[in-house]
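The opening position of the sequence shown corresponds to residue 1 in the numbering used here, with each subsequent residue numbered one higher.
Derived by calculation from the structure, the hints in this document are not laboratory data.
Check before you lean on any hint, since a few could be wrong.
Stated by the list, open to error - Here are the computed lysine to any residue pairs in the SDA-like style, where the Cα-Cα straight-line distance is at most 25 angstroms:
#, residue 1, residue 2
1, Lys39, Val25
2, Lys39, Ala64
3, Lys39, Val54
4, Lys39, Leu63
5, Lys39, Pro50
6, Lys39, Ile22
7, Lys39, Arg57
8, Lys39, Thr51
9, Lys39, Asn61
10, Lys39, Val58
11, Lys39, Gln56
12, Lys39, Glu18
13, Lys39, Leu52
14, Lys39, Ser14
15, Lys39, Leu29
16, Lys39, Val49
17, Lys39, Arg62
18, Lys39, Gln53
19, Lys39, Ala26
20, Lys39, Ser11
21, Lys39, Leu17
22, Lys39, Leu27
23, Lys39, Gly28
24, Lys39, Pro65
25, Lys39, Val60
Claimed, not checked - Pairwise CB distance ranges (calculated):
#, residue 1, residue 2, range
26, Ala26, Leu59, 15 to 23 angstroms
27, Glu46, Ser14, 52 to 60 angstroms
28, Met48, Ala26, 13 to 21 angstroms
29, Arg62, Val16, 34 to 42 angstroms
30, Pro65, Ser11, 44 to 52 angstroms
31, Asn61, Glu18, 43 to 51 angstroms
32, Ala12, Val37, 45 to 53 angstroms
33, Glu18, Tyr41, 32 to 40 angstroms
Only a predicted model underlies this, so the values are computations on that prediction, with no experimental measurement involved.
Cβ coordinates follow ideal geometry from the N, Cα and C atoms, glycine included.
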Amino acid sequence: MNDEGQERSKSAGSSVLELVVIVAVALGLALLIQALVVKPYRIPSESMVPTLQVGQRVLVNRLAPRFGD
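Kindly produce the complete structure, drawing on both the sequences and the hints.
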């Protein structure tokens with residue numbers, strides 16, 4: 001019975017470690033995508049009305065300046 005308890009403890013520990021690794025990889029990928037591919041912005045003022053409204057969110061393509069249109 002003691003061996004079974006140790007196996008469950010190891011299994012729970014490895015599950016937590018796996019979850020932490022998955023979250024860290026997902027966060028790293030999200031930050032990398034934001035830094036290199038697209039960046040979200042919120043329109044703060046009326047300077048772009050009527051094209052964009054105050055409070056709208058846009059994604060800016062960060063690859064176009066590097067590779068052209």
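Hints, one by one, checked against the model:
Distance check on the hinted pair: Lys39 and Val25 sit about 19 angstroms apart at the alpha-carbon level, within 25 angstroms; holds. Restraint check for Lys39 and Ala64: satisfied, since their Cα atoms lie roughly 12 angstroms apart, inside the 25 angstroms limit. Proximity of Lys39 to Val54 is assessed by CA-CA distance (about 18 angstroms); at most 25 angstroms being required, the pair is judged to hold. A threshold of 25 angstroms between alpha carbons decides the hint, and for Lys39 with Leu63 the separation of about 10 angstroms falls inside it, so the pair holds.
A C-alpha spacing of about 22 angstroms is found between Lys39 and Pro50, which places the hinted pair at or below 25 angstroms, so the restraint holds. Between Lys39 and Ile22 the CA atoms are separated by roughly 23 angstroms; this keeps the pair inside 25 angstroms, and the hint holds. Restraint check for Lys39 and Arg57: the C-alpha separation of about 10 angstroms stays at or below 25 angstroms, so the hint holds. Of the pairs offered as hints, the one joining Lys39 and Thr51 holds, with about 19 angstroms between alpha carbons and a cut-off of 25 angstroms not exceeded.
Taking the CA atoms of Lys39 and Asn61, the gap is near 7 angstroms; set against the 25 angstroms cutoff, the hint holds. Between Lys39 and Val58 the alpha-carbon distance is near 8 angstroms, which keeps this suggested pair within the 25 angstroms criterion. Proposed proximity of Lys39 and Gln56 is supported: the alpha carbons are some 14 angstroms apart, at most 25 angstroms. Between Lys39 and Glu18, the direct Cα distance comes to roughly 29 angstroms. Violation of the 25 angstroms bound is thereby established for this hinted pair.
This hinted pair checks out: Lys39 and Leu52 have alpha carbons roughly 17 angstroms apart, not beyond 25 angstroms. With a CA separation close to 35 angstroms, the supplied pair Lys39 and Ser14 exceeds the 25 angstroms bound. For the suggested pair Lys39 and Leu29, the alpha carbons sit about 13 angstroms apart, so the restraint of at most 25 angstroms is met. Between Lys39 and Val49 the alpha-carbon distance is near 21 angstroms, which keeps this suggested pair within the 25 angstroms criterion.
With a CA separation close to 7 angstroms, the supplied pair Lys39 and Arg62 stays within the 25 angstroms bound. About 18 angstroms separates the Cα atoms of Lys39 and Gln53, which keeps this hinted pair within 25 angstroms; it holds. A hinted pair counts as satisfied when its Cα atoms are at most 25 angstroms apart, and Lys39 with Ala26 qualifies at roughly 17 angstroms. Pair hint Lys39 plus Ser11 does not hold up; C-alpha atoms about 39 angstroms apart against a cutoff of 25 angstroms.
In summary, the hint linking Lys39 to Leu17 is not supported, as the alpha carbons are separated by about 30 angstroms, beyond the 25 angstroms threshold. Taken as a hint, the Lys39 and Leu27 pair is honoured in the structure, with Cα atoms around 15 angstroms apart against an allowance of 25 angstroms. The suggested pairing of Lys39 with Gly28 holds, with an alpha-carbon distance near 15 angstroms, which does not exceed 25 angstroms. Between Lys39 and Pro65 the CA atoms are separated by roughly 13 angstroms; this keeps the pair inside 25 angstroms, and the hint holds.
The hinted pair formed by Lys39 and Val60 meets the criterion: a straight-line CA distance of about 5 angstroms does not exceed 25 angstroms. Range check, Ala26 to Leu59: about 19 angstroms between beta-carbon atoms, so the 15 to 23 angstroms window is met. Between Glu46 and Ser14 the beta carbon distance is about 54 angstroms. The supplied range of 52 to 60 angstroms therefore holds. The hinted window of 13 to 21 angstroms between Met48 and Ala26 is violated, with their beta carbons roughly 33 angstroms apart.
At roughly 35 angstroms, the beta carbons of Arg62 and Val16 sit within the given window of 34 to 42 angstroms. Look at Pro65 against Ser11: about 49 angstroms separates their beta carbons, and that is inside 44 to 52 angstroms. A beta carbon spacing of about 34 angstroms between Asn61 and Glu18 contradicts the range 43 to 51 angstroms that was offered as a hint. Range check, Ala12 to Val37: Cβ separation about 37 angstroms, and the 45 to 53 angstroms hint is violated.
A C-beta distance of roughly 35 angstroms is found between Glu18 and Tyr41, which places it inside the suggested range of 32 to 40 angstroms.
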